[in-house]
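Protein chains: 2
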Amino acid sequence: MNWKLAARAEKMNPSVLREILKVTERPGIISLAGGLPSPQTFPISAFAAACAEILETDGQAALQYAASEGYGPLRQAVADMLPWNVDPAQVLITTGSQQGLDLVAKVLLDPGSRVLVETPTYLGALQAFGPMEPTPVAVASDDEGVIVDDLVAQARGKSPADAARFVYLLPNFQNPTGRTMTEARRAAVSAAAAAAGLPIVEDNPYGELWFDEAPPLPLTARNPEGCIYLGSFSKVLAPGLRLGFLVAPKAVYPKLLQAKQAVDLHTPIFTQRMVSTVMKDGFLERHVPTIRALYKRQRDAMVAALQREMKGLDVKFNVPVGGMFLWLRMPEGIDTVALLPKAVERNVAFVPGAPFYAGEGDPRTMRLSFVTASVEQIDIGIAALAATVREQLAHDAAARVQHELAEN
Amino acid sequence: MNWKLAARAEKMNPSVLREILKVTERPGIISLAGGLPSPQTFPISAFAAACAEILETDGQAALQYAASEGYGPLRQAVADMLPWNVDPAQVLITTGSQQGLDLVAKVLLDPGSRVLVETPTYLGALQAFGPMEPTPVAVASDDEGVIVDDLVAQARGKSPADAARFVYLLPNFQNPTGRTMTEARRAAVSAAAAAAGLPIVEDNPYGELWFDEAPPLPLTARNPEGCIYLGSFSKVLAPGLRLGFLVAPKAVYPKLLQAKQAVDLHTPIFTQRMVSTVMKDGFLERHVPTIRALYKRQRDAMVAALQREMKGLDVKFNVPVGGMFLWLRMPEGIDTVALLPKAVERNVAFVPGAPFYAGEGDPRTMRLSFVTASVEQIDIGIAALAATVREQLAHDAAARVQHELAEN
Numbered sequence: 001m002n003w004k005l006a007a008r009a010e011k012m013n014p015s016v017l018r019e020i021l022k023v024t025e026r027p028g029i030i031s032l033a034g035g036l037p038s039p040q041t042f043p044i045s046a047f048a049a050a051c052a053e054i055l056e057t058d059g060q061a062a063l064q065y066a067a068s069e070g071y072g073p074l075r076q077a078v079a080d081m082l083p084w085n086v087d088p089a090q091v092l093i094t095t096g097s098q099q100g101l102d103l104v105a106k107v108l109l110d111p112g113s114r115v116l117v118e119t120p121t122y123l124g125a126l127q128a129f130g131p132m133e134p135t136p137v138a139v140a141s142d143d144e145g146v147i148v149d150d151l152v153a154q155a156r157g158k159s160p161a162d163a164a165r166f167v168y169l170l171p172n173f174q175n176p177t178g179r180t181m182t183e184a185r186r187a188a189v190s191a192a193a194a195a196a197g198l199p200i201v202e203d204n205p206y207g208e209l210w211f212d213e214a215p216p217l218p219l220t221a222r223n224p225e226g227c228i229y230l231g232s233f234s235k236v237l238a239p240g241l242r243l244g245f246l247v248a249p250k251a252v253y254p255k256l257l258q259a260k261q262a263v264d265l266h267t268p269i270f271t272q273r274m275v276s277t278v279m280k281d282g283f284l285e286r287h288v289p290t291i292r293a294l295y296k297r298q299r300d301a302m303v304a305a306l307q308r309e310m311k312g313l314d315v316k317f318n319v320p321v322g323g324m325f326l327w328l329r330m331p332e333g334i335d336t337v338a339l340l341p342k343a344v345e346r347n348v349a350f351v352p353g354a355p356f357y358a359g360e361g362d363p364r365t366m367r368l369s370f371v372t373a374s375v376e377q378i379d380i381g382i383a384a385l386a387a388t389v390r391e392q393l394a395h396d397a398a399a400r401v402q403h404e405l406a407e408n
Numbered sequence: 001m002n003w004k005l006a007a008r009a010e011k012m013n014p015s016v017l018r019e020i021l022k023v024t025e026r027p028g029i030i031s032l033a034g035g036l037p038s039p040q041t042f043p044i045s046a047f048a049a050a051c052a053e054i055l056e057t058d059g060q061a062a063l064q065y066a067a068s069e070g071y072g073p074l075r076q077a078v079a080d081m082l083p084w085n086v087d088p089a090q091v092l093i094t095t096g097s098q099q100g101l102d103l104v105a106k107v108l109l110d111p112g113s114r115v116l117v118e119t120p121t122y123l124g125a126l127q128a129f130g131p132m133e134p135t136p137v138a139v140a141s142d143d144e145g146v147i148v149d150d151l152v153a154q155a156r157g158k159s160p161a162d163a164a165r166f167v168y169l170l171p172n173f174q175n176p177t178g179r180t181m182t183e184a185r186r187a188a189v190s191a192a193a194a195a196a197g198l199p200i201v202e203d204n205p206y207g208e209l210w211f212d213e214a215p216p217l218p219l220t221a222r223n224p225e226g227c228i229y230l231g232s233f234s235k236v237l238a239p240g241l242r243l244g245f246l247v248a249p250k251a252v253y254p255k256l257l258q259a260k261q262a263v264d265l266h267t268p269i270f271t272q273r274m275v276s277t278v279m280k281d282g283f284l285e286r287h288v289p290t291i292r293a294l295y296k297r298q299r300d301a302m303v304a305a306l307q308r309e310m311k312g313l314d315v316k317f318n319v320p321v322g323g324m325f326l327w328l329r330m331p332e333g334i335d336t337v338a339l340l341p342k343a344v345e346r347n348v349a350f351v352p353g354a355p356f357y358a359g360e361g362d363p364r365t366m367r368l369s370f371v372t373a374s375v376e377q378i379d380i381g382i383a384a385l386a387a388t389v390r391e392q393l394a395h396d397a398a399a400r401v402q403h404e405l406a407e408n
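Taken in order, these protein sequences are the chains called A and B. Residue 45 in our numbering sits at position 45 of the first sequence, with consecutive numbering throughout. Residue 261 in our numbering sits at position 261 of the second sequence, with consecutive numbering throughout.
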């Protein structure tokens with residue numbers, strides 16, 4: 001049978017990350033790898049009450065085909081919860097915010113289109129954009145996100161036709177680094193993008209998970225006509241419902257809606273109504289602080305464990321002020337892809353950093369999640385990771401000595 | 001702001017059908033237009049029991065991220081219910097079977113790729129394929145579906161590189177025509193496609209909705225390595241959950257899975273478990289016959305009403321042996337797009353047939369759904385439709401007389 005694949009499919013490769021993570025799923029492994037929210041934060045009884053209420057009072061409508069734009073009261077709730085003046089007509093409910101990335105790519109990216117991303121960036125975005133065959137361009141970044149001068153330089157391209165279609169930014173507690181864009185950087189990025197006519201696709205799945213103070217205003221709030229904003233209920237309620245949303249200006253909303261219709265007609269109306277029902281009466285205002293408190297305790301535990309266990313090693317890591325991830329750079333000579341199987345032998349798993357780079361990856365980096373494992377598991381896991389690193393360094397040093405002896 | 005759209009987005013147009021259907025949503029209109037399953041068939045109490053059970057016994061897992069392939073027990077249930085030997089490893093759960101079309105297009109269609117479709121074909125498939133910018137080719141079709149000689153001729157193309165990537169077929173109670181492919185035609189199509197090396201994408205959302213006897217075996221059952229099969233729970237349980245599946249051979253499954261991951265990570269696990277739980281203990285075997293009986297009564301009512309009300313008019317229609325739709329061809333001179341607003345004035349709506357054609361549409365055709373409206377509404381609606389047609393024909397005849405008088 002002549003199954004001729006599309007060119008874009010020939011280029012698809014199994015996710016490196018996914019293959020790695022499969023290894024780490026075996027029982028007994030402490031996984032600091034995956035980005036799974038802590039299941040103890042899922043409001044199970046609230047969902048149970050919502051399901052019963054919906055099916056009892058309006059079951060037929062909750063199980064019928066529905067509007068592609070999304071459930072009206074949920075679109076209104078999204079508009080109400082965002083910190084700028086959002087017209088619900090500009091809200092599109094998506095099957096997870098990952099779907100928002102697929103729709104954006106379909107509507108804005110031609111083969112070869114330049115799309116700007118952070119260094120490093122969310123791997124799932126690279127995977128979502130991939131099928132439209134753009135050219136991802138890594139913008140130089142520091143602890144606060146993209147560096148404005150390089151953003152402006154990369155936006156332009158070699159000719160007007162080569163101008164970047166958009167920059168994809170994750171300003172709050174970024175995946176994978178956990179870093180956050182400061183108010184000053186946001187103001188500068190927003191102004192520079194507007195001056196360059198560069199659209200921003202702002203992804204904010206983690207924004208509500210702040211520990212001590214809320215992050216600065218989203219980029220979209222500063223220039224709604226120049227930005228598409230992506231949000232998610234995965235981190236504040238539950239990821240298994242696959243419920244997200246986007247807010248887009250009138251210039252692109254109708255096309256995103258048409259792309260959405262073609263993809264799955266609409267997001268499941270039952271899950272939309274579950275979330276809409278649960279959110280009534282300010283539920284999130286009571287619920288989200290409990291998630292923040294839990295994750296802050298676990299971040300503190302991981303930072304303390306790293307300070308304790310990595311002492312004396314040239315290991316650098318940040319202290320994220322929210323979200324789920326922490327970014328770590330190993331001593332010279334350590335390649336985290338090679339390190340992973342050795343860590344797994346000691347029953348701890350992490351995610352190597354290299355796959356998160358659009359350009360050449362830094363082999364010394366890794367992403368650690370502090371939300372899935374418990375405080376006790378974090379302590380054991382970080383100790384095992386430090387032991388793995390020390391063993392590797394000792395092994396490398398011994399190999400160097402042997403090599404020198406052999407040469408002399 | 002420089003929102004430059006992708007070429008594929010420039011070509012996206014608001015769905016003609018959708019715009020038409022908006023008009024028909026006003027209260028008091030009897031809609032024979034939409035393809036909405038009858039909500040009285042939704043097993044609301046079974047879903048309520050399933051939601052309660054899932055959240056009580058395994059709430060955390062039912063709300064967490066899950067495997068891209070789909071929920072294991074549901075994949076097994078799908079394999080078990082299909083009438084050929086299906087390995088659950090080849091089943092991919094999709095967010096509605098519409099998503100299956102998007103994934104297939106991503107993996108198999110390059111810009112300009114020729115994709116063969118029936119005359120007419122499911123509009124949603126044309127919309128799903130569109131963003132990959134293929135060239136849809138209408139294969140000559142009769143009351144049994146595609147005609148084999150034309151299928152073979154179109155498969156080849158002008159050169160080997162121009163060979164069609166696949167043919168998209170809906171053999172059971174097709175949308176929009178309601179027609180069904182006979183056993184003889186299936187055997188011939190299957191053999192011809194295999195001989196030509198032409199992959200088949202078989203869409204079967206309505207197959208369970210047969211009235212007197214089950215339709216012949218699916219095309220995929222005859223050559224699983226040469227076919228991708230798409231199925232849905234929308235018509236046997238509820239469409240609002242957006243739950244479908246595909247079965248694909250090893251040659252393409254991994255690429256479809258990667259495309260799925262990039263699109264929405266996975267189908268909502270909660271809705272997958274709802275359906276999996278409801279399906280236990282042979283529920284569908286008891287439930288689906290009640291849908292069949294209801295839809296058969298409504299088909300009978302529509303056929304009887306058409307025979308009664310259209311008497312003396314040169315109106316042709318088929319008598320579908322299952323599914324949701326009936327196809328109708330109006331007398332010469334009637335354009336159903338122009339007829340629709342006049343029908344709506346008489347409080348009845350239908351869908352004009354022309355948008356369902358990949359090539360030039362037949363302006364005299366229309367699709368009628370017999371499942372959403374009640375028997376009483378069908379009687380009133382068909383009478384109103386006949387009155388509209390008679391008025392239009394009288395108006396046209398009067399205009400012709402006037403025209404002739406003016407000319408002489």
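Any given hint could turn out to be false.
What the hints assert, rightly or not - Distance condition first, Cα-Cα at most 30 Å in a straight line; then the derived DSS-like pairs of lysine-lysine:
1. Lys280/B with Lys250/A
2. Lys11/A with Lys342/B
3. Lys4/A with Lys22/B
4. Lys158/A with Lys296/B
5. Lys22/B with Lys11/A
6. Lys296/B with Lys250/B
7. Lys11/A with Lys22/A
8. Lys311/B with Lys280/B
Stated by the list, open to error - Estimated spans, in silico, between C-beta atoms of each pair:
9. Gly282/A with Glu285/B: 41 to 47 Å
10. Asp281/B with Gln307/A: 52 to 58 Å
11. Ala399/A with Ala251/B: 53 to 59 Å
12. Arg156/A with Asn13/B: 47 to 53 Å
13. Gly72/B with Arg286/A: 44 to 50 Å
14. Gln60/B with Ala214/A: 40 to 46 Å
15. Ala338/B with Pro111/A: 25 to 31 Å
16. Asp143/A with Arg156/B: 17 to 23 Å
17. Glu285/A with Gln60/B: 34 to 40 Å
18. Arg26/B with Asp143/A: 39 to 45 Å
Honestly, the hints are just simulated from the structure, not real lab data. Glycine is no exception: its CB is placed at the ideal position from the N, C-alpha and C atoms.
Hint-by-hint comparison with the structure:
1. Lys280/B with Lys250/A: violated (46 Å)
2. Lys11/A with Lys342/B: Outside the cut-off at roughly 52 Å; violated.
3. Lys4/A with Lys22/B: violated (39 Å)
4. Lys158/A with Lys296/B: violated (64 Å)
5. Lys22/B with Lys11/A: Measuring from Cα to Cα gives roughly 41 Å; hence the hint is violated.
6. Lys296/B with Lys250/B: violated (38 Å)
7. Lys11/A with Lys22/A: holds (22 Å)
8. Lys311/B with Lys280/B: Answer violated: Lys311/B to Lys280/B is near 48 Å, above 30 Å.
9. Gly282/A with Glu285/B: 41 to 47 Å: holds (45 Å)
10. Asp281/B with Gln307/A: 52 to 58 Å: holds (56 Å)
11. Ala399/A with Ala251/B: 53 to 59 Å: Roughly 44 Å apart at Cβ, these two residues miss the hinted range, so it is violated.
12. Arg156/A with Asn13/B: 47 to 53 Å: violated (32 Å)
13. Gly72/B with Arg286/A: 44 to 50 Å: Because 35 Å falls outside the window, the suggested range is violated.
14. Gln60/B with Ala214/A: 40 to 46 Å: violated (28 Å)
15. Ala338/B with Pro111/A: 25 to 31 Å: violated (40 Å)
16. Asp143/A with Arg156/B: 17 to 23 Å: This hint is violated: roughly 59 Å between Cβ atoms.
17. Glu285/A with Gln60/B: 34 to 40 Å: Violated, since Glu285/A and Gln60/B (Cβ atoms, about 23 Å apart) do not stay within the stated range.
18. Arg26/B with Asp143/A: 39 to 45 Å: violated (57 Å)
Checked against the numbered hints given earlier, this structure breaks hints 1, 2, 3, 4, 5, 6, 8, 11, 12, 13, 14, 15, 16, 17, 18; the rest are met.
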